[in-house]
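Asker: Here is how the chains run, residue by residue.
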Amino acid sequence: MAIIFKFMIKNILEKKLRSIMIIFSILVSSALFFSTIAISKNLEEMYLKQISKYFGSAEIMISQNDNSPSPFFSPKGAEKYDDSMEYIVGALKGTGFYKNENQSVKLDIQGVDLDDMEKMNPIVLAEKENTYPFNGKKIIISKKTAEKYGLKVGTTMELDIEGTYNKYFICGIAEPTGYFLEYGKEVCAVVPRDSMEGIYGIKGNVNVLYLKTKNIAQKDFFLRELSSEYSRYQVRETLTNSERSTFVNRISTSFRLMTIVVLFISMFIIYTSFRVISMERMPVIGTFRSIGATKSMTNMVLTSESILYGIIGGSLGSISGIGILKVMVFFITPSWLKEANQYIDMQFNAIHIIGGFLVGLSMSVISSIIPIIIASKYPIKDVVLNKIEKNVSYKSNRIWVGLLLWVGALIIPIFIPSSIAIIANTICAVMVIVGIILIIPKLTNMTIVMLQELYGVLFGNEGILSAKNLRNNKNMINTISLLSIGLSAFLMINTFSVSLIEAIADSFGIMDFQIQVSVENADRSFESTLRSIDGVLDTYGAYEAYSVKIDGKDEEISIIYGAKSDKFMDFFDLDLEGKGEEIVKKLDQGRNIIISSTLKIMMDYEVGDVITLETEKGKENYEIIGFFSTIGQEAFISEKYLKSDMNVKFFSQIYIKSSSDVEGVVERIKDKNQKRFPEVYTVEEMKQDTLSSNKQIMSAMQFFSIIALIIGAIGIANNFIVSFMERKQSFAVFRSIGMEKRQVLKMILLESMSGGIIGGVIGVIGGISLLWILPYIMIGMGLPISINYEFGMYLLYILAGILIAVVSSISPGLKTSKLNIIQAIKYE
Amino acid sequence: MKPVIEVKNLFKTYNLGSTCVDVLKDINITINKGEFISIMGPSGSGKSTLLYIIGGLDKPTSGSIKINGNELSSMNDVEESEMRRRDIGFVFQFYNLIPNLNVEENILLPILLDRKKMKDYKEKLEDILGIVSLWERRHHTPRELSGGQQQRVAIARALINDPEIILADEPIGNLDSKTGIEVMELLRKINLERQRTIVQVTHSREAADYGNRIINVKDGRVS
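From first to last, the protein sequence lines stand for chains C and D. Residue numbers are given in this note's numbering: position 164 of the first sequence equals residue 164, and the series is strictly consecutive. Residue numbers are given in this note's numbering: position 32 of the second sequence equals residue 860, and the series is strictly consecutive.
Simulated from the structure, these hints should not be mistaken for laboratory data. Quick caveat: nothing in here was measured; it's all calculated off a predicted structure. Yeah, the Cβ is synthetic: ideal placement off N, Cα and C, and Gly gets one too. Misleading hints may appear alongside valid ones.
To be verified - In the EDC-like style, the derived pairs of lysine to aspartate or glutamate whose C-alpha atoms are separated by at most 16 Å in a straight line are:
hint: 1; chain 1: C; residue 1: Lys-741; chain 2: D; residue 2: Asp-942
hint: 2; chain 1: C; residue 1: Lys-741; chain 2: D; residue 2: Glu-910
hint: 3; chain 1: C; residue 1: Lys-468; chain 2: D; residue 2: Glu-1021
hint: 4; chain 1: C; residue 1: Lys-672; chain 2: C; residue 2: Asp-534
Unchecked claim - Each pair of labels, with its calculated beta carbon distance range:
hint: 5; chain 1: C; residue 1: Glu-726; chain 2: D; residue 2: Cys-848; range: 27 to 35 Å
hint: 6; chain 1: D; residue 1: Lys-836; chain 2: C; residue 2: Met-725; range: 35 to 43 Å
hint: 7; chain 1: D; residue 1: Gly-845; chain 2: C; residue 2: Met-297; range: 33 to 41 Å
hint: 8; chain 1: C; residue 1: Met-297; chain 2: D; residue 2: Lys-950; range: 34 to 42 Å
hint: 9; chain 1: D; residue 1: Cys-848; chain 2: C; residue 2: Met-450; range: 49 to 57 Å
hint: 10; chain 1: C; residue 1: Lys-295; chain 2: D; residue 2: Cys-848; range: 44 to 52 Å
hint: 11; chain 1: D; residue 1: Pro-831; chain 2: C; residue 2: Val-457; range: 37 to 45 Å
hint: 12; chain 1: C; residue 1: Leu-17; chain 2: D; residue 2: Glu-910; range: 33 to 41 Å
hint: 13; chain 1: D; residue 1: Gly-845; chain 2: C; residue 2: Ile-369; range: 39 to 47 Å
hint: 14; chain 1: D; residue 1: Glu-910; chain 2: C; residue 2: Leu-796; range: 48 to 56 Å
hint: 15; chain 1: D; residue 1: Glu-1034; chain 2: C; residue 2: Leu-17; range: 28 to 36 Å
hint: 16; chain 1: C; residue 1: Val-457; chain 2: D; residue 2: Glu-1013; range: 52 to 60 Å
hint: 17; chain 1: D; residue 1: Glu-1013; chain 2: C; residue 2: Glu-726; range: 33 to 41 Å
As the list claims (entries may be wrong) - Only some residues are given here: those of chain C computed to face chain D with a beta carbon under 7 Å:
hint: 18; residue: Gly-460
hint: 19; residue: Asn-461
hint: 20; residue: Leu-465
hint: 21; residue: Lys-468
hint: 22; residue: Arg-471
hint: 23; residue: Ser-730
hint: 24; residue: Val-733
hint: 25; residue: Ser-736
hint: 26; residue: Lys-741
hint: 27; residue: Leu-796
hint: 28; residue: Ile-821
hint: 29; residue: Ile-822
Bound conformation, chain D alone (with noise of 0.2 Å):
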C-alpha cells in the first residue's frame, strides 16, 4: 500500500508565558491511502493538533510530515495553501462554512482558490450534490440549514477538488445522533466508493469504530 501520510519524530510544544507545554511527543504514524483513521483520546491529549499539523495549519516544534512524499516543512505558503486545496479536505466540528455565501458556493470555494473557472465543475457539483443529498437546499445559506446539513455542505466542500486526504475534525460533535449516524455513514461512504483516505479526530467510540484503524493519543503520545 502506499503511504500518503508519513508522520515522523513529530514533537510540538507551546510556551506559554514562562512554561513550555509539550503538546504531541515523538509522533510516528504512516496512514496508507485509502485507510479510515480514527484519532481518539481525551480532551487536551494533542490529537486535535496533531491533525491540523497534518494539514498544514500548524507548524510542528520538529520532526517530518509528509503528504504524499512531499515535506511540509520544505513548503512555503503558496506551496502549502496548494496543498491544503488540491490534496487535503478539511471538515470541522462547528462546520466553519461561509455564512454569507449559499451552498453551491460554498463547496465551490477550494475551486475559486486554485483559480479554476466554477463553469467546468458544474457536473462535479451536481454529482457531489447528490452524494450529500443537498441538490434542493443548493441555493441556501448556511443559517437557513441544520447542523447536519451544513456538515454535509462542509464534506461536499472537501470533495469537490478529489482530494487525496479528508481531514475530520470531531466531525459529528456538534449534531445529533441520528444526524450523526448520517454523516459517518456519508463519510464510509465516500471512503470506501471514492477509495479517499480519511483522517478523523473524535471523542465518540462509535464514530471511531467507522474507521479501519484507531490511534489512541494520550498525553502527547501514540498509545
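Okay, chain C solo, but in the shape it has when bound (with noise of 0.2 Å):
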C-alpha cells in the first residue's frame, strides 16, 4: 500500500500543472458553491436588517387602518396573552419638524419606553447624557443627523411634534443600526412615550403595538386571535416568511444557476484530465497487474489520486470561499447601508464549510470514476502489452441524445407551471449544456467539412489540413466544449443583466411625468397650490393603493393607481397596442382593471378574465381589460373605484408635469410647501436609485461569470497543452516530410482559431438557449423580464472565443514548431 501511495504522490508532483488545474478547478467549485449555500442566510440577514429596523423581533405589529374609530387604542386587549408573550410595546409615532437655518426637516418620531425599545429593537449610543430616565423633553437622534445640523449630545433642539413647538434635550446620539438605520433622506428620532401622550392628549393608549410570542408556533393563533379582539384595526405579521422567501430566491437563484454551471466546467475539466491520466498510467498499471496486484487495488490507486485532488481542492476551496462570500456580501450589499457603514457581517457556519469541502471531494470522485471504471475493463494483456487504443470514437446515437436534449430543454419550459419554474427550468438549462456537450463531436465534424474548403481558399493547404486534423480530435472537442459552456455561461449573465437593467429604466418608461410629490393628507387644494408654482405645467393627483391581495392567489398587487380617464393618457404612457383611449374610457365603465404583463405572466391572465381583489370594502371582482409592460405587479383601475373599494381619501402622490427646469421646480415646490415638508423626487432619480442598487447585484452575478470562463480558459490551455503532447509525433511526421515551422505553427493557430470559431458559435448559441429558460425561471422567482437578444454583440463573443483560444494555443504551439523531430518520431 505505501508503495501505492508514493506512486501516486509522484504522479501528482511530475504533473504539476495539470494537478495544479485540477486543484484549482475544485477550489473554485467549492468555494462558489460554499459562497452560494451560505449567501442566502446573509442576504436574509441583509433583508431583516432592512426591514426590521421598524418592528426589530417583534412578530405581530397592530395598528390603525381606515376603518380604525381613532387612530389610538388601548393595549390592554393584547394585554391579557401576556403571559404567552415575550413582551408587548406599545408606541406613539408621530411626525415632528425641526427647522434647521432656512431648511425644515421631516422626523419620524417613535414614543417608546427605552426599556422596552431594548427588548424589541435596542438602540446603541455613541454618545448619551441623563438619558434615563427617559421621560419628558428628551430626544435621542441618529448619529448621521447630528453631523448633518450640527446637535450635539447635552444641548437642545426645538421641534415641532404634530402641531406643538418644544425644546427637547438631546439625551442620547444613536449608532445607524436599527431603528437608526436611516435610508436616503429619512430622519429618525425617539422621544419618550408620556412625552408623546402629552402630545396627543392621551394616557395609556398607543398607536402602534408590538408584540413577540413566547412560542413562535403559536403566532397564528395570537394573529387570529388579536384579529378578533382588534377587529378594526390592522393586525399582521410583522413579516412573512413567503416575504422573506421571494427577497431571498430573487437573488439566491441566480447564484446557484451560475454555480451549476461552474460544477460543470469544472466537472469536464477533471473527466477529460482522468481520461488522460488513466491512459498514462495504463503501462504502469500493466505492471502492477502483471504481479499480481488485483483490478480493484489498481483502481484504488487512480480513485485514490481523484481523492487527494478532492480533498486538497476541496479544503482550499472551503476557506477560498469565505473571501468569495465576503466580495458578494459587499456587492449585494445595499449602499446606503454601506454609506451608513452598515456592512452585513458574513453568515456561515461548519454546515456551509463541510458542505463545500464535500462537494469538492465528491465533484472530484464522481468525474474520475467514469474513466477509472473505463481503463479497468481493458483486459489484462492488452494493458500489459499496451496496446490500448488510444483513440476515442463517439457513438453516433451521442447526436441524438444531445439533441433530444437541447430541443426539450427548449420545450418543456413553456408549459412548466410557475409553482415549479425554478427548479424545472433550472433542470432544463442543465439539460442545454449536456446536450452542447454530447452534440459538439458531431458538429465540430460537420463544421469542419465546410471550413475545409473555406479554408483551403483563405489559407492554402495548411488551412486544410488544419481542418482535417480536427476531425476526431478529442481535444479539440474538449476545447471546443469548454469553450462553448464558457461563452454560454458568460454570454447569458451578460445579455440578462442588460436586460433587467433595461427592463426596470423601461419600467420608469410609462410616467410620462418629471416630478413625484407626495405630502400628508394631500387633498385638491394641495394640488392647486402645486400648479400655481412657477414651472409646473399639470398635475395629477393619484390615489394609490398598496399591497392588494388577489383571492385565492398567493401574489398580491404591489400598486393599484387609480386613473383619471381625462388626464390618464396626458401622465401615463401605457403600451395599449393603439387601443389606449377606448382601454381607458372603459376603466370608468364599470370595476375594470388593467394589469401589467408581468401580473399577466405570473398568473397567466387573458383579457376577459375576472379576478377578485380583497379591497377594504370586502371582495370585490373586477374584469382585466388590457395589460402594460412593466416588471412591476401593478395595476390600474378607475379613480372612481379605487376611492371607494379601497378606501382612499388622499392622494397618495401628485404627479408633475415640469418645465424643462426640473431642478429648480423641484426647489420651488419645496420652498413654497415648506411647513408641509413634501418629499418631491424627480423619476430621473427615483430610476438611478433603482438602477444603482440593482447594478450591485448584477455585478457580484457578473464576477461569478467571469470565474466561468477563467476555468474554462484554464482548461482550454491545459486542454492545448495536452493536446500537442499527444500529437507529437505526428508533428515530427510533419516535420520529416518537409512541414517548415512556420507552416506548423500556421497550421496550430489555424486550429486553434476553427476551435474558438465553433466554440464561440456553439457558445453563443448555447448562451441564446439559455437565455430563452431564462424568463421562465424568472417567472419563478416573480420577476419575469424579456430578454433583448444583441445579435450584433454575438459577433464579439465569437470573437472572444476565437481569442481565448488563439492565446492559449501560442505557448504549446510555439513549442511544438521548435520540437526535436527524431525524439518526436520515436516516441510511442
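Dock chain to chain to rebuild the complex, using the hints, since each chain is given by itself in its own frame.
Answerer: Okay, here's the thing in C-alpha cells:
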C-alpha cells in the first residue's frame, strides 16, 4: 500500500501543471458552492436588517387602518395574552419637524419607553447624557442627523411635533443600527412615550403595538385572536416567510444557476484530465497487474489520486469560499447600508464549510470514476502489452440524445407551471449544457467539412490540413466544449444583466411626468397650490392602494393606481396596442382593471378574465381589459372605484409635468410648501436609485460568470498542451516530410482558431438557449423580464472565443514548432 | 555516375549531462544516383543517426553533407524543409502515418506541404496507389490497415513528390517476414524501375541483400 501511495504522490508531483489545474477547478467549485449556500443566510440577514428597523424582533404589529374609529387604542386587549408573550411594546408614532436655518427637516418620531426599545429593537448609543430616566422632553437622534445639523448631546433642539412646539434635550446620539438605520433622506428620532402622550393628549393608549410570542409556533393562533380582539385595526405579521423567501430567492437563485455552470465546467475538466491520467498510467497499471495486483487495487491507485485532489481542492475551496462570500456580500449590500457603515456580518457555519468541502471531494471522485471504470475494463493482456486504443470514438447516438436534450430543454419550459418553474427550468438549463457537450463532436466534424474548402481558399494547404486535423480530435472537442459552456454562461449573465437593467429603466418609461410629490393628507387644494408654482405645467393627483391581495392567489398587486380618464393618457405612457383611449374609457364603465405584463405572465391572465381583489370594502370582482408592459406587479383601475373600494381619501402622490428646469421646479415646490414638508423626487432620481442597487447585484453575478470563463480558459490551455503533447509524433512526421516551422505554427494557430470559431458559435447558440429558459426561471421568482437579444454583440463573443483559443495555443504551438524531430518521431 | 549524397568528415557528439558521447566519428560516404544502399550495424552503432543527419532531421556536430550538390549546413529551415519535401522521401520503422488522415490524404501530404493543388496530382496518386497495391484501401484510415499496408502507404507518401532519394529507417523492422519481403520487393522495384536512390538502415541481412552496396557502421565509424 505504501508503494501505491508513493506512486500516486509521485504522479501528482510529476505533472504539476495538470495537478494544479485539477485542484484549482475543484477549489473554485467548492468555493462557489460554499458561498452560494451561505449567501442565502446572508441575504436573509440583510433583508432582516433592512426591514426590521421598523419593528425589531417583533412578530405581530397592530396599527390603525381606514376602518379604525381612532388612531389610538388601548393595549389592554393584547395584554391579556401577556403570559404567552415575550413582550408587548406600545408606542406612539408621530411626525415632527425641525427647523435648521432656512430648511425644515421632517422626522419620524417614535414615542416609546427605552426599556421596551431595548427588548424589541435595541438602540446603540454613541454618546449619551442624562438618558435615564427616559421621560419628559428628551430626544435621541441619529449620528447622521447630529453630524448633518451640528447637534450635540447635552444641547437642545426645537421641534414641532404634531403642531406642538417644544425644546427637547438631546440625551443620546445613536449609531446607525436598528431603528436608526436611516434610508435615504429619512430622519428618525425617539422620544419618551409620556412626552408623546402629552402631545396627543391621551394617557395609556398607543397608535402601534408590537408583540413577540414566547413560542413562535403560536404566532398564527395569536394573529387570529388579536384580529378578533382588534377587529377594526390592522393586525399583521411583521415579516412573512414568503416575503423573506421571495427576497432571498430572487438573488440566490441566480447565484445557484451560475454555480451549476461552474461545477459543470470543473467536472468536465476533471473528467477529461482523468481520461488522460488513466491512459498515461496504463503501462504502470499493466506492470502492477502482471505482478499480482488485483483490479480493485489498481483502481484504488487512480481513485486515491482523485480523492487526494478532492481533499486538497475541497479544503482550499472552503477556505477561499469565505473570501468569495465576502466579495459577494459586499456587492449585494445596498449602497445606503454601506454609506451608513452598516456592512453585513458574514454569516456561515460549519455545515456550509463541510458542504463546500464535500462538493469538492465528491465532484473529483464522480468526475474521475467513469474514466477509471473504463480503464479497469481493458483486458489484462492489452494493458500489459500497452495495446490500448488511445483514440476515442464517439457513439453516433450521442448527437440524437444531445439534440433531444437540447430541443426538449427549449420546449419544456413553455409548459412548466410557475410554482415549480425555478427547479424545473434550472434542470432544463442543465439539459442544454449536457446537450451541447453531446452534440459537439458531430457538429465539429460537420463544420470541419464546410471549413475545409473555405480554409483551402483563405489559408492554403495548411488551412486544409488544420481542418482535417480537427476530425475526431478529442482534445479539440474538449476544448470546444469548455469554450462553449464558458461562453454560454458568460453571454447569458451579461445579456440578462443588460436586459434586467433595461427592463427596470423601461418601467419608469410609463411615467410621462418628471416630478413626484407626496405630503400627508394631500388633497385637491394642495394640488392647486402646486399648479400655481412657476414651471409646473400640469398635475395629476394620484390615488393609490398598496399590497392588494388577489383572492385565491398567493401573490398580491404591489400598487393599484387610480386612473382619471381625462388626464390618464397625458401622464401615463402605457403600450395598450393603440387602444389606449378606448381601454381607459372602459375603466370608468365598471370594475375593470388594466394589469402589468408581469402579473399577466405570473398568473396566466387573459383579457376578459375576472379577478377578485380583497379590498377594504370586501371582495370585489374586476374584469381584465388590458395589459401594460412593466416588471412591477402593478395595475390601474378607475379612480372612482379605487376611492370607494380601497377607502382611499387622500392623494398618495401628485405627479407633476414640469418645464425643462426640473431641478428649479423641485426647489420651488420645496420652498413654497416648507410647512407641509413634502417629499419631492424627480423620476430620473428614482430611476437612478433603482438602477444602481440592481447594478450591484448584477456585478456580483458577472463576477461569477468571469470565474466560469477563467476556469474554462485554464481548461482550454491545458487541453492544448495535452493535445500537442499527444500529437507530438504527428507533428514530427509533418516536419520529417518537409513541413516548415512556420507552417507548423500556422497550422496550430488555424486549428485553435477553428476551435475558437466552433466553440464561439456553439457558445453563443448555447447562451441564447439559456437566455430562452432564463425568463421562465425568473417567472418562478416573480420577476418576469423579456430578454433583449443583442445579435450584434454575439459576434464579439465569437471573437472572444477565438481570442481565448488562439492565445491559449500560442505557447504550446511555439514549443511544438521547435520540437526535436527525432525524439518525437521515435516516441511511441 | 552523379553523386546525390556526399558526406565528408561527419562527426556527431551528444552531450549527456557531464559526459559527451561520440555517436559518429569522421564519416565519409558518397552515394550515387540510382544506388540502393543498406547501412548495417549493431544497436547503438549510430546508423539511424547517420540516416537522420543525411535527411536533415538532425544536425551534425561538424562535417559536410551535400544533397544533390547543395550543402545542408548552409540551409535555413525553409530550404531544408523544401529539400525534405522535394528531394527526399522518408520511410520509418513504425510507418509514422497521420492517424486522422486517410490513405489518400497521407500520401498527398508532401504535396499539400509544398503548397501544390491536390487535384493536379490525381493521376499520379492513382499511379502510386497502383504501385503499392492500395487502390481498394485509399479511403481507409491507418488504424484500419495492417502493418504491411501502412508501410506501403508510407512508401507511397515518400514517392508522391518524385524525390531523388528515399531514406528508410528499418522499413521492415516491424513487419512479419512475408510482409517484409513484399515491402523490400517494392523498394527494389522502385529503385530499378524509377531509378530512385534508396538508403536503408537495417538489422536484417536479408533486407540488406536487396541493396547493391552495404555500408557497415560500428562504434560510430564506417568499417
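Asker: Hints first: check each against the structure and report whether it holds.
Answerer: Here is how each hint holds up against the structure:
1. Between C/Lys-741 and D/Asp-942 the CA atoms are separated by roughly 13 Å; this keeps the pair inside 16 Å, and the hint holds.
2. Restraint check: the Cα-Cα separation between C/Lys-741 and D/Glu-910 comes to about 11 Å, which is no more than 16 Å; the hinted pair holds.
3. For the suggested pair C/Lys-468 and D/Glu-1021, the alpha carbons sit about 34 Å apart, so the restraint of at most 16 Å is broken.
4. Under the criterion of a C-alpha separation no larger than 16 Å, the hint pairing C/Lys-672 with C/Asp-534 is consistent with the structure, at around 11 Å.
5. Evaluation of the 27 to 35 Å hint for C/Glu-726 and D/Cys-848 yields a pass: the beta carbon distance comes to about 33 Å.
6. The hinted range of 35 to 43 Å is satisfied by D/Lys-836 and C/Met-725, whose Cβ atoms lie roughly 38 Å apart.
7. Hint check: D/Gly-845 to C/Met-297, Cβ distance near 37 Å, so the stated range 33 to 41 Å holds.
8. For C/Met-297 and D/Lys-950, the Cβ-Cβ distance of about 56 Å falls outside the hinted range of 34 to 42 Å, so the restraint is violated.
9. Between D/Cys-848 and C/Met-450 the CB atoms are about 54 Å apart, so this pair conforms to the stated range of 49 to 57 Å.
10. Between C/Lys-295 and D/Cys-848 the CB atoms are about 47 Å apart, so this pair conforms to the stated range of 44 to 52 Å.
11. Between D/Pro-831 and C/Val-457 the beta carbons are some 43 Å apart, a value that agrees with the proposed interval 37 to 45 Å.
12. The supplied range of 33 to 41 Å is met by C/Leu-17 and D/Glu-910, whose beta-carbon atoms lie about 36 Å from each other.
13. Under the hint 39 to 47 Å, the C-beta atoms of D/Gly-845 and C/Ile-369, about 42 Å apart, fit the expected range.
14. A C-beta distance of roughly 41 Å is found between D/Glu-910 and C/Leu-796, which places it outside the suggested range of 48 to 56 Å.
15. The hinted window of 28 to 36 Å between D/Glu-1034 and C/Leu-17 is violated, with their beta carbons roughly 48 Å apart.
16. With their beta carbons about 42 Å apart, C/Val-457 and D/Glu-1013 fall outside the hinted range of 52 to 60 Å.
17. Checked against the given bound of 33 to 41 Å, the beta carbons of D/Glu-1013 and C/Glu-726, roughly 35 Å apart, stay inside it.
18. Residue-level restraint check for C/Gly-460 holds (minimum Cβ-Cβ distance to chain D is 6 Å; threshold 7 Å).
19. Given the 7 Å rule on beta carbons, the hint for C/Asn-461 holds: about 4 Å separates it from the nearest Cβ of chain D.
20. The beta carbon of C/Leu-465 comes within 6 Å of a beta carbon in chain D, closer than 7 Å, and the hint placing it at the interface holds.
21. Hint status for C/Lys-468: holds, given a least beta-carbon distance of 6 Å to chain D, under 7 Å.
22. With a least beta-carbon distance of about 5 Å to chain D, the hint placing C/Arg-471 at the interface is held under the 7 Å criterion.
23. With a cut of 7 Å, the hint placing C/Ser-730 at the interface with chain D holds, because the nearest CB-to-CB distance is about 5 Å.
24. Given hint, C/Val-733 at the interface with chain D, holds; its Cβ is 4 Å from that chain's nearest Cβ, closer than 7 Å.
25. Here the hint on C/Ser-736 is kept, as its CB sits about 5 Å from the closest CB of chain D, short of 7 Å.
26. Proximity of C/Lys-741 to chain D holds as hinted, the smallest CB-CB distance being about 5 Å (cut-off 7 Å).
27. A least Cβ separation of about 32 Å between C/Leu-796 and chain D goes past the 7 Å threshold, and the interface hint is therefore violated.
28. A least Cβ separation of about 5 Å between C/Ile-821 and chain D falls short of the 7 Å threshold, and the interface hint therefore holds.
29. Of the supplied interface hints, the one on C/Ile-822 holds, with its beta-carbon coming within about 5 Å of a beta-carbon of chain D, less than 7 Å.
Checked against the numbered hints listed earlier, the structure breaks hints 3, 8, 14, 15, 16 and 27; every other hint is satisfied.
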